[in-house]
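Student: Line by line, the protein sequences are chains A, B, C, D, E and F. Here the working numbering runs 169 ahead of the position in the first sequence, where the first position is 1. Here the working numbering runs 169 ahead of the position in the second sequence, where the first position is 1. Here the working numbering runs 169 ahead of the position in the third sequence, where the first position is 1. Here the working numbering runs 169 ahead of the position in the fourth sequence, where the first position is 1. Here the working numbering runs 169 ahead of the position in the fifth sequence, where the first position is 1. Here the working numbering runs 169 ahead of the position in the sixth sequence, where the first position is 1.
Because the hints were derived from the structure by calculation, they are not lab data. Some hints here could point you the wrong way.
Since the list can't tell identical chains apart, any single copy or any two copies may satisfy a pair.
What the hints assert, rightly or not - Lysine-lysine pairs mimicking DSS-like chemistry, simulated, CA-CA at most 27 Å apart: (1) Lys308 x Lys381; (2) Lys385 x Lys308; (3) Lys307 x Lys460; (4) Lys503 x Lys340; (5) Lys385 x Lys307; (6) Lys425 x Lys460; (7) Lys381 x Lys307; (8) Lys385 x Lys340; (9) Lys193 x Lys237; (10) Lys425 x Lys285; (11) Lys285 x Lys237; (12) Lys308 x Lys425; (13) Lys174 x Lys285; (14) Lys428 x Lys460; (15) Lys460 x Lys308; (16) Lys381 x Lys503; (17) Lys428 x Lys385.
6 protein chains.
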Amino acid sequence: MSILKAAIIGGGHIADQNHIPALKNLADQVEVTAVCSRDLQKARALADKHQIPFAYDNAEELFGSQNKPDLIINCTANYLHYPFTMQALENGCHVLCEKPPAITAAQAREMADFAKMKGKILAYNLQLRQTQEYTLLKKCLESGQLGEIYHIKADFVRRRGIPGWGNFTNKEIQGGGALMDLGVHILDLALSLLDYRMPDRIAANTYDFIGKAGGKGLMGNWNAESFEVEDACFAHLSFPDNVSIMLSTTFALNTKSEKNVNLQVFGTLAGAVLNPFSMYTEIAGELANIKFPHLQETDIQLANTTAFLDACRGESSNICNAEQGAILQEVVEKIYQSAQR
Amino acid sequence: MSILKAAIIGGGHIADQNHIPALKNLADQVEVTAVCSRDLQKARALADKHQIPFAYDNAEELFGSQNKPDLIINCTANYLHYPFTMQALENGCHVLCEKPPAITAAQAREMADFAKMKGKILAYNLQLRQTQEYTLLKKCLESGQLGEIYHIKADFVRRRGIPGWGNFTNKEIQGGGALMDLGVHILDLALSLLDYRMPDRIAANTYDFIGKAGGKGLMGNWNAESFEVEDACFAHLSFPDNVSIMLSTTFALNTKSEKNVNLQVFGTLAGAVLNPFSMYTEIAGELANIKFPHLQETDIQLANTTAFLDACRGESSNICNAEQGAILQEVVEKIYQSAQR
Amino acid sequence: MSILKAAIIGGGHIADQNHIPALKNLADQVEVTAVCSRDLQKARALADKHQIPFAYDNAEELFGSQNKPDLIINCTANYLHYPFTMQALENGCHVLCEKPPAITAAQAREMADFAKMKGKILAYNLQLRQTQEYTLLKKCLESGQLGEIYHIKADFVRRRGIPGWGNFTNKEIQGGGALMDLGVHILDLALSLLDYRMPDRIAANTYDFIGKAGGKGLMGNWNAESFEVEDACFAHLSFPDNVSIMLSTTFALNTKSEKNVNLQVFGTLAGAVLNPFSMYTEIAGELANIKFPHLQETDIQLANTTAFLDACRGESSNICNAEQGAILQEVVEKIYQSAQR
Amino acid sequence: MSILKAAIIGGGHIADQNHIPALKNLADQVEVTAVCSRDLQKARALADKHQIPFAYDNAEELFGSQNKPDLIINCTANYLHYPFTMQALENGCHVLCEKPPAITAAQAREMADFAKMKGKILAYNLQLRQTQEYTLLKKCLESGQLGEIYHIKADFVRRRGIPGWGNFTNKEIQGGGALMDLGVHILDLALSLLDYRMPDRIAANTYDFIGKAGGKGLMGNWNAESFEVEDACFAHLSFPDNVSIMLSTTFALNTKSEKNVNLQVFGTLAGAVLNPFSMYTEIAGELANIKFPHLQETDIQLANTTAFLDACRGESSNICNAEQGAILQEVVEKIYQSAQR
Amino acid sequence: MSILKAAIIGGGHIADQNHIPALKNLADQVEVTAVCSRDLQKARALADKHQIPFAYDNAEELFGSQNKPDLIINCTANYLHYPFTMQALENGCHVLCEKPPAITAAQAREMADFAKMKGKILAYNLQLRQTQEYTLLKKCLESGQLGEIYHIKADFVRRRGIPGWGNFTNKEIQGGGALMDLGVHILDLALSLLDYRMPDRIAANTYDFIGKAGGKGLMGNWNAESFEVEDACFAHLSFPDNVSIMLSTTFALNTKSEKNVNLQVFGTLAGAVLNPFSMYTEIAGELANIKFPHLQETDIQLANTTAFLDACRGESSNICNAEQGAILQEVVEKIYQSAQR
Amino acid sequence: MSILKAAIIGGGHIADQNHIPALKNLADQVEVTAVCSRDLQKARALADKHQIPFAYDNAEELFGSQNKPDLIINCTANYLHYPFTMQALENGCHVLCEKPPAITAAQAREMADFAKMKGKILAYNLQLRQTQEYTLLKKCLESGQLGEIYHIKADFVRRRGIPGWGNFTNKEIQGGGALMDLGVHILDLALSLLDYRMPDRIAANTYDFIGKAGGKGLMGNWNAESFEVEDACFAHLSFPDNVSIMLSTTFALNTKSEKNVNLQVFGTLAGAVLNPFSMYTEIAGELANIKFPHLQETDIQLANTTAFLDACRGESSNICNAEQGAILQEVVEKIYQSAQR
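Chain A on its own, in the form it takes in the complex:
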């Protein structure tokens, strides 16, 4: 297997903690050759820390170098997903882009079309797909144990989890709040169970009461005065063949759990809950509850990076691909539109 050359664009926490360690773990398939960041010092420090040979403060330079990468990990801020991904595709690179795909549906659509035209892999880092629980859920669905899914409750809810760092409350940079940051994860899981069908009816409401009022923070203290995004989003998605999703995603909500990331999936033969994974069905004519007490935690970033490399090599892969990303972004946009009416 030939070894691919990878470059990182965006030198923040997620590059340092998630992507570079995963790539380093896959040294038989990929070599990290460069880090590119607006801040050259930061790029160099990160490169040094991980023993990566080159550092740039400029994407042109990166793509123009002798060591031109085969693939790019796009770790930039949300509003930069589009320009850097387009530039990388233009330069013939595969791209693993952080979520959300982009700021607008139009961008994500253009990115998908351009990747297709260029014959390159564009994929998104929605790594919750790689948990043992979701893998098992997919297996149970594919083996017919759930029957047909007709309703899903999708939750990514935090009680007081407005991040006290970064740009999470800045609308221009992030494109939105809880939905853009958290909701896309759980929405991707739900849509993937439905083969990324497109809903034909969306009703949604968004709120920002707690974010603008301020209060106790459990993920650092946020600035209520500069809070510009939604702290809560509730949406009902309905599909042409009468399937429905109820989505709840919040940065802050006056609720019991500190954090609830879950799917409840209702099928004609069985229901399933993602975390902890369980099924509710009938066995031998009686109602049965099934638990799986021995599921093990997996390194989901490692698994998702592996899935991306599989895709780059033309193998089958369960990664969120460019086309799915475009649909996901369109759904997100329609949710915001419904809420803004």
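Mind docking chains B, C, D, E and F on chain A? Use the hints.
Tutor: Just chains B, C, D, E and F now, kept in the frame of chain A:
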């Protein structure tokens, strides 16, 4: 206090078990003088059992008798709520009608208008309003502890609770399934918290997979072949001032709990859960969870009948009144319309 | 369906509390016409209490009467199971006999052979077969979910449950202690899962330390000085095709649980535990634990009496029949022999 | 106290993780001078890692060296326990041998006899004897609180714990499966409570269904095709004075617990459970359950090595000695014989 | 055994629910011949309900009647304990008097002295002495398992248990609040463990904040305006031989438990908690916690009445006798004096 | 902010583990320049370990050096708190002294007066004041949610926590046992809630049964023969305005919990428990229990050292100051006096 004369129309289980015992308990305010049922033998047996003097198989006879009642308890099947209520109002009686108000929104509207014209009390037996939990929720809301409510999750969900008796799966008689029978209760609680505002946007889906497939029943065994109504209904209600409700109501769903009847109320200052009642808020700058370990169960039918009698006497009452019933029925109808698109 | 005439022999607690109420509940199939007890006064009192027409103190009289019964419920002490059952069969009656079948294997064999010769139903009141849990276990076995069973742990263990009344500690009357009284129940369940195969190797030990020492009783206080039977029995049963059972049955043991009545069944595809019913298997490549949270308690005496009547009418029935009873008694005898070596 | 010289034979995981660290912790009593392994490179690496001066690939060389050891830790594969132990004894060394003592009863007997003849200590590393729980159990037995023990349930059961590494499923190398690897531990604890009496009657069954069928592994994935040993063993041991043991030991079983290592000990005055340690008895005429909430985990390897060194110095020691090992191996062999009939 | 004649003085709830049923249950020892109450109609109704032959509204009449009682159950209000008990003794009757013994220490002393002079049994209905837990505690103490007791925490604490009926908040009638009504029970248990030694140092505080402020009642709603007694009392009792008791007794306190009635007893060898009964000690050199999971609830009124009758017959009895009652009342008085300083 | 120079007197565990790390963490405010210990080698080793420039075995030398400190951390044994604190104040240093303030009330009073005269800060390291729970309790009290506090239960109780090291059982060095070592902490918290009012009545008992008898130790094994202090102390404190405290503090007690450090605070409007922090009150007319599930553990030594430095800089601080320390020591002395009577 003068004693009112009450007559029962409809001689079924709910008259026998709920209404007549409650009225008998309030003998200082009301006297049950007659039972009226299509089946005279049944009417007489019920009257004898409860030492009620008169039995009829005919409403005209009842209203034409010397012992003309002051108020009627309408315990008939759903599709008879309208005609018997109208007849009772026409005859100058107050009416406590079983839920749902009627089969159509137009009927419920006409009933409300006619009651107003006649100057009589028309109310509905949505007795979950009388639990200590809901009473406390209302008090906390009114005293400002919740702030403004902006989102409610309303659930009346059964795992395998399609009743194996009566007409619960017959569309003509009942007007619908889980929503008509169970959903109206929890919807009434939610709308009452919002002062019975009218939602301006409703998106809903209904299903009948389990009902039509058959299977294990936990409330007797139902006939899958004659199952005509929805076994599950999921709806998103949105109000002009950006408040939203997510409603889930089912007769049957592949889920863990045998039965879940609950409200989760999210306000700007605190959230509340109805069962068991609890609040989630901030106290002294820290996140606080509040429980009320000493709430006592109350006889909610007795309390609701009392509330009706209060209304009849012109006193303030928290009963679901005719106007609220008309709005509730309209919401129900819009949910069905959205689901049938 | 013609109504069978039943007579009770033995006027003790089990006739009064179990058998007569069950028969009375099945009045469309059976009529209790007589009670027979050594003590005529006792017989008459029991008959009067349950509105049974005739009372006798003598079986000959019973069988010689005009109202000759079609079936007999043998509720006598263990050592009388044989003579009264033989007499009843001789007189052309079906017999439902209390457990254990008899005092010796030879008696039980003779009873089975005689019933066969007479063309009458002889069955034993091992009513634990009728629990929802055991019924479900059988269904899961028959549908292949357990694979082949190769090992069973069978427990009927009490901490301090030596009955403080009756003849439970008298060897001549009872034939034995915990094994005769409790062990036969759980052994019957285990053997029935194995289609009543005969074990070819039995190793067992019995004890009477606590019974003879005396101490705190949880089922009344027993007389340690007249204690003659085993208070504990542990046995290993091995079958020709390499299946095994480990049996533990005690009246008294220094253990945690007040009472443990259970089967643990180990099959090639899944294991099952009887109480509360659960299964341990693999689903979709992962280890799965299955619970059945909605099993309902049933009236097992009513169900067993019904099963007996089914058998009398020539219908299929899961009751412990005469042939099974003979095998059960043989196994019991071999256990005692192994322990006495 | 003079310092003994110790050499390790067998350079695997158990030498590296258990024995060498324990010896190093006891530097005031013992000095590790050499490691001997078939693979010299492995021997040297291990020696270097632990700063041990000499490494050999040949036992003759070891025993012929100037630095002749006083004692040997035999960490070889099961089938090599016999030859290397005999060689060490021949060379005048004490031996701490890994469990099981040998492959056959005859070997273990010969080893014990030879050690006695040579006046050397031979002991086995059955270190579960050193837990605080077992120590306390012994103390309670010795102080009379349990009375006389008459029955023991001994369990070392894993749900899916067939090791996915090493030679655990190879019959020639290991001598057997679950019984040889796990059962000997719990059997040693049980027999030690009975002063290593010899049972005079053994009935046993062994199975290999899951091992040969394959499936989900919780300790790595095993190769079902080369699976040669028992995955489950159930045995009943009976002693001349009417004491009995029920042994259950499995690598794989369709049961709830991932792992259950326990003794339940039933005495005339009290019963005890090993993990977590508890007693069931009578106090002041009432049934009492006793827990010991403050037992602390101990380093059982360190304690067992210490016990071995105590024995080498002629002090009293609770280690499994050569004579006990011979009895243990004989019991194991009889269990296999009973199962193979 | 000759049958004693008993008369009831005071026709309230405690006579009806506790004393008369207990006496009726002991018909082989005692016969209830009369009820005496200020209100003749009430006396007669109570007598009729329990089939008691005579009813009086006047104690003189009772004592002057032909059916002069052998013993009196004094069920009057606290301030009447003294006069009616004295009158009964004067008339040669034994007396079982409700608690507290009297209103003042002087009264209780006089009652004890007069009973002694008259040679009659005077005892108090402190029936918590008869629980299985307290009986077991006494047994453990007497058998030496606790060693010497040196400290006791005695609690009879309610969160919001000011009775909403009767005279519980009236100082003149009751003599006090929580201490008089509840504290005497737990104090009697504590003092009885110490052989009713007299403390030589008492420090105490009493409060009435909640009682006077009003609020939610869990035992009916009390009248805050007429609240005259203490709702909380905390006292430290110290004995000449350096034993101490900490007493907490409340009608109302802002605490978690609705009700806590308990002793914690600290001895030199073990500690014990009364409810649920448990001991904390050392066994075999390790710290041990002992539970008694099979204690059964007993009918403590029946047992206390039996104990009284035993005393009347001159048998040994664990009832609170006249002398103990005088000491108890003196301790109560000293607690109030300390609090009033 | 100018950087203060700190010196440590007393080179033991608490200096090494608590004070020096805290000071090092506050390097922007304070610099540790010297360690002083009787044992110069120990002083130097500690200084080296923490990169502190100077080490002395003599306080005169320390105070006479060029690098004269601005503040002293007095980490000496209890009986040396007084002399070294006085010397430090004499030399113009602020002092943070370990608890208890001194051995006698007179010493503590003199220390406070001298500090005042010298215009220096003297404070005590009672760092439990800095937990999030106590901080929240104070906030709730100050905001009026508790109303007026009238009773406090203060517990610092260990089951078998007599330290097996140090001088904890030596009366001359320590001044006392559990009260001096543990009780002062919880007493300080309680008194601080009451604004350090002085109680006017104290009743107390102390014991040494377990300490002198010996037994199982959970904090090492103590020497029973040289045990000179109290292992248990129970006291009742009463204040002029009818507030009371019940204090329990033990090194050893036959109780369930290994360790219980807690306050139960009873106010007119609400009660509070410190660990885990909870409140018991009325909300909306119902009894409410409030929990705070998201309190985070804080570094209480760091917080207390910060509070001391705040005080040194003349800022407001919640540290236990010299005046409070004098009152605390007086209360301790009165408790001992009451117990010794």
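Student: At most 27 Å between CA atoms: does that hold for Lys385 and Lys308 within a copy, between copies, both, or neither?
Tutor: between (41 Å within a copy, 15 Å between copies)
Student: For Lys428 and Lys460, with the copy left unspecified, which applies at a CA distance of at most 27 Å: within, between, both, or neither?
Tutor: Both. Shortest intra-copy (22 Å) and inter-copy (18 Å) distances satisfy the 27 Å Cα cut-off.
Student: With 27 Å as the alpha-carbon cut-off, assign the pair Lys381 and Lys503 to within, between, both or neither.
Tutor: within (24 Å within a copy, 34 Å between copies)
Student: With 27 Å as the alpha-carbon cut-off, assign the pair Lys193 and Lys237 to within, between, both or neither.
Tutor: within (18 Å within a copy, 47 Å between copies)
Student: Regarding Lys385 and Lys340, is the shortest C-alpha distance of 27 Å or less found within a copy, between copies, in both, or in neither?
Tutor: For Lys385 and Lys340, the Cα distance is within 27 Å only inside one copy (22 Å; across copies 47 Å).
Student: At 27 Å max between alpha carbons, let me know whether Lys308 reaches Lys381 within a copy, between copies, both or neither.
Tutor: between (43 Å within a copy, 24 Å between copies)
Student: Is it within, between, both, or neither for Lys460 and Lys308, if the alpha carbons may be no more than 27 Å apart?
Tutor: both (15 Å within a copy, 21 Å between copies)
Student: From the Cα coordinates, with 27 Å as the cut-off, is the pair Lys381 and Lys307 best called within, between, both, or neither?
Tutor: So Lys381 and Lys307 pass the 27 Å test across copies only (26 Å; inside, 39 Å).
Student: My question is about Lys425 and Lys285: at a cut-off of 27 Å on alpha-carbon distance, are they close within one copy, between copies, both, or neither?
Tutor: neither (45 Å within a copy, 44 Å between copies)
Student: Quick one: Lys174 to Lys285, C-alpha cut-off 27 Å, is that within a copy, between copies, both, or neither?
Tutor: within (21 Å within a copy, 67 Å between copies)
Student: For the identical chains here, do Lys503 and Lys340 meet the 27 Å Cα criterion within one copy, between copies, both, or neither?
Tutor: So Lys503 and Lys340 pass the 27 Å test inside one copy only (17 Å; across, 35 Å).
Student: Regarding Lys385 and Lys307, is the shortest C-alpha distance of 27 Å or less found within a copy, between copies, in both, or in neither?
Tutor: So Lys385 and Lys307 pass the 27 Å test across copies only (18 Å; inside, 38 Å).
In this structure, only the earlier hint numbered 10 is contradicted, and the remaining ones agree with it.
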